[in-house]
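Protein chains: 2
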Amino acid sequence: MAAQRHLHLGAFMRPTTIHTGAWRYPGAFPDANFNFAHLKRLAQTLEHGRFDAFFMADHLALLNMPMEALKRSHTVTSFDPLTLLPALAAVTERIGLIATASTTFNEPYHIARKFASLDYLSGGRAGWNIVTTSNPDAALNFGLEEHVEHGERYRRGREFFDVVTGLWDSWADDAFLRDQEQGLFFDPARLHVLDHRGEHFKVRGPLNVARPVQGWPVIVQAGASEAGRQLAAETAEVIFAATPTLADGQRFYRDVKGRLAALGRAPEHLKILPGAFVVVGETPEEARAKRAKLDSLVYYESGIAALSIALGLDASGFDPDGPLPEIPPSNASQSGRERAIALARREGLTVRQLAQRLGGYAGLAMVGTPAMIAGQMEEWLHGEACDGFNVMFSHLPGGLEDFVGQVVPELQRRGLFRRDYEGLTLREHLGLPRPANRFFPG
Amino acid sequence: MAAQRHLHLGAFMRPTTIHTGAWRYPGAFPDANFNFAHLKRLAQTLEHGRFDAFFMADHLALLNMPMEALKRSHTVTSFDPLTLLPALAAVTERIGLIATASTTFNEPYHIARKFASLDYLSGGRAGWNIVTTSNPDAALNFGLEEHVEHGERYRRGREFFDVVTGLWDSWADDAFLRDQEQGLFFDPARLHVLDHRGEHFKVRGPLNVARPVQGWPVIVQAGASEAGRQLAAETAEVIFAATPTLADGQRFYRDVKGRLAALGRAPEHLKILPGAFVVVGETPEEARAKRAKLDSLVYYESGIAALSIALGLDASGFDPDGPLPEIPPSNASQSGRERAIALARREGLTVRQLAQRLGGYAGLAMVGTPAMIAGQMEEWLHGEACDGFNVMFSHLPGGLEDFVGQVVPELQRRGLFRRDYEGLTLREHLGLPRPANRFFPG
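First to last, the sequence lines map onto chains D and Y.
Be aware that the first sequence starts at 1, since it is given in our numbering, and climbs by one per residue.
Be aware that the second sequence starts at 443, since it is given in our numbering, and climbs by one per residue.
Careful: at least some of the hints might be erroneous.
[What the hints assert, rightly or not] Derived list of chain D stretches under chain Y, where covered just means 3 residues or more per stretch with a C-beta under 8 Å from a C-beta of chain Y: (1) 26-34; (2) 72-83; (3) 131-144; (4) 204-214; (5) 229-236.
[Said to hold, decoys possible] One side only, chain Y facing chain D, incomplete, derived with CB under 10 Å: (6) Trp-465; (7) Pro-472; (8) Met-509; (9) Arg-620; (10) Gln-622; (11) Val-635; (12) Phe-643; (13) Val-645; (14) Gly-647; (15) Val-740; (16) Tyr-863.
[What the hints assert, rightly or not] Derived BS3-like pairs (lysine-lysine); straight-line CA-CA distance at most 25 Å: (17) D:Lys-71 / D:Lys-290; (18) D:Lys-71 / D:Lys-293; (19) D:Lys-202 / Y:Lys-644; (20) Y:Lys-513 / Y:Lys-699; (21) Y:Lys-482 / D:Lys-40.
Honestly, the hints are just simulated from the structure, not real lab data.
Remember, predicted model here, so these are calculated numbers, not experimental data.
A virtual CB, placed ideally from N, CA and C, is assigned to each residue, including glycine.
When you get a sec, could you build the whole thing from the sequences and use the hints?
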């Protein structure tokens, strides 16, 4: 049973790579965020690698860290995802295109229409990563002095989802007759006026785009809190998880999949893809050296800030070139603190190396040869810790090209990953059913 | 002096053609609104014809006419313009891409970011058609039971413009250093935090996209009211006018251009492009027959409704196949009424023909051979009634292909239109200067 499962792979492009040193890596595109020619090449390479989806995370603000760190970060700017992905749709054929859009700072009518349009433009390859934005700097760009509190954001998010999917169901799939002879463009009996009146939104409808190719674009979420997990269990078809260890992955997988039966959903209709930072080398040593090189490009003060948060104390006075000193007890999250200490001991890292590791990327990492990385992915898949991964590349284009050129063929050899796309739509890549229209079930 | 002027041509794609019978014309694409392959082909043909811009108007609602008319209309649905145009940017090289976006139902931060993103994706070909949406059906899709009144919409529109352009000026053109060696991504001294606090908006900024390729995307407007003209004179670089006769065109041109000196603007920095519906034939008779065929495809009741509005009385009792009866006085706009009566007398139209003409397209039309249309365009240009036209095609793809294949070469032969693009950006096509950055004038 488990042996028949296959991996699903998303490419996490936020806006290009997540590692804060990546733009300085030798051969990297430092302007990748801004340069459509680069992004087009990367998307086409991912499609050549048969990835399920190109995923673009997002930020609605810039001022989210101290200026000394900010001015060294390549993530400060990025294209609007819902503007970039239609352009990528026009230069790709099969790869899914998942855009992040906030339910806190948008109107449901716009979001329903933009994703429906993207789904048509791409021939059924759109996905919507629903975020209930929690960035207070974003609020300041939308006229809100105080950020909306967590529970309220989730209630608004849930109603937003109901309105958007209701608008997508405005038209039966056969509503548009386009009968030139009779002069009848659509059948009014196959049109539903939503007329939503809820706590947060009043939206009459109908949507002025036909029902999307996929019925609904694929629904994606990344919330890890209790409210986030429950919203995901109720509504999501893909979860981007952030589970740093196999045991964490298994716990999360069990928890979320376990919620589905009570909701009348089949476990295979929600795919869980943990983020995995990959560094590929011809030998284990080469991969580790690449990562060390990457980490060495992280701004030291940002690393120390990350280390201080993990340890729950000010680490700025530590000797950068010495080992991590004994750490007194603190109020910090025990797991983050223990992981940092264990990491330093296991790899014999100096304070500087540990700080730069945490400031670069501190989550699940797969660093090694293609066979090692494929083996680790297989272990997670067969250990029921995931249905695939949202892959974060070490640097661009090199890290992405290494993964597509070396790890993907290894996964294919092991029968873990498709050799070609079997369907046309993102839903088909992911093995997800096309949702019925709630107003026109027939 | 006047002889050296050249026409600028926009293609009015709303969502495809404006004529309500167009989708039924023999050979028309009845699904053009929805079919990216068609839209790509049309945009590429326009680029081959050296058009300045592909312009997409918009509606934020569907229910804006009685269902009996609505169900016969191909304009009920269309892609979101800011989702379609990035896709067209990826499959074209030079043609400008102008999207309509409402200042009434959007947030300035989103609009600034989306147009800045489109400007990068297209290499400097973006334009923003600013509309202060007046459609009450749209308001119902955005939680507003009552529509915002005219003056208030314009005040909001003006402040929206100030915020968006302020966000576009967040970064000096040289702010991004991307110095991989030093690890410095941008220079904080070349970043401006807008911190706008006005009557309608509070927006901190900065924008998380670099200053657009064109400085600002080209600013377009279409308002014809006093408030609309003044807003356009203050802010617009292109006006899409709706002036049905040469005399109307001259009056509008004189009025708007006359407002510029007091605002410190040069007349050539605001281009006025009246909408012109074109029907091309090999002979005048063939062109007129094409138009008659098109008009005959208009739903009769819609035509009668349009005729009743023009005349200021209920025309539904008239004999469809008889001539227009004597019309008693009414409160209708005198000019619309007189134009309808004069049109019926001049062309000897029956009530049905007159109604279908008005229900199809009632504004400025150029119906004839390529030489006749080119001559009429030349007359408007040299008569200082325009700087070019926003061309509306009779049907698609035929009407567009006829114009590009036959009228454009005639305009080129007369020295009225470019034979090739001379610049790369929409601003360069239009001969508009790149705006200085208000915060970094150097």
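query: Should the hint that Pro-472 of chain Y touches chain D count as held when the rule is a Cβ pair under 10 Å?
result: With a closest approach of 4 Å, the Pro-472 of chain Y hint holds.
- prompt: Can Val-635 of chain Y be said to touch chain D, with a Cβ gap under 10 Å?
  reply: For Val-635 of chain Y, the interface hint holds, since the closest Cβ of chain D sits about 7 Å away, which is under 10 Å.
message: Holds or violated: the hint that Val-645 of chain Y contacts chain D, with Cβ atoms closer than 10 Å.
response: The hint holds - Val-645 of chain Y has a Cβ within 10 Å of chain D, the shortest such distance being about 6 Å.
task: Verify the interface restraint on Gln-622 of chain Y: the C-beta must sit less than 10 Å from at least one C-beta of chain D.
output: holds (5 Å)
- prompt: Quick check: the stretch 229-236 of chain D, covered by chain Y? Criterion 3+ residues, Cβ under 8 Å.
  reply: Coverage by chain Y is violated for the stretch 229-236 of chain D (0 residues, Cβ < 8 Å).
- prompt: Hey, Lys-71 of chain D versus Lys-290 of chain D, does the alpha-carbon distance stay inside 25 Å?
  reply: Holds, at about 24 Å.
- prompt: Should the interface hint for Val-740 of chain Y be scored as holding, given a Cβ-Cβ cut-off of 10 Å against chain D?
  reply: Holds. Min distance 9 Å.
field: 25 Å Cα cutoff - pair Lys-482 of chain Y, Lys-40 of chain D
entry: Roughly 18 Å separates the two Cα atoms, so the pair holds.
message: Holds or violated: the hint that Phe-643 of chain Y contacts chain D, with Cβ atoms closer than 10 Å.
response: holds (6 Å)
field: Interface hint for Arg-620 of chain Y, Cβ within 10 Å of any Cβ on chain D
entry: The hint holds - Arg-620 of chain Y has a Cβ within 10 Å of chain D, the shortest such distance being about 4 Å.
task: Mind checking the CB of Tyr-863 of chain Y against every CB in chain D and telling me if the closest is under 10 Å?
output: violated (19 Å)
task: Mind checking the alpha carbons of Lys-202 of chain D and Lys-644 of chain Y for me, to see if they're no more than 25 Å apart?
output: Within the cut-off at roughly 24 Å; holds.
Against the hints set out earlier in the document, violations occur for numbers 5, 16, 20.
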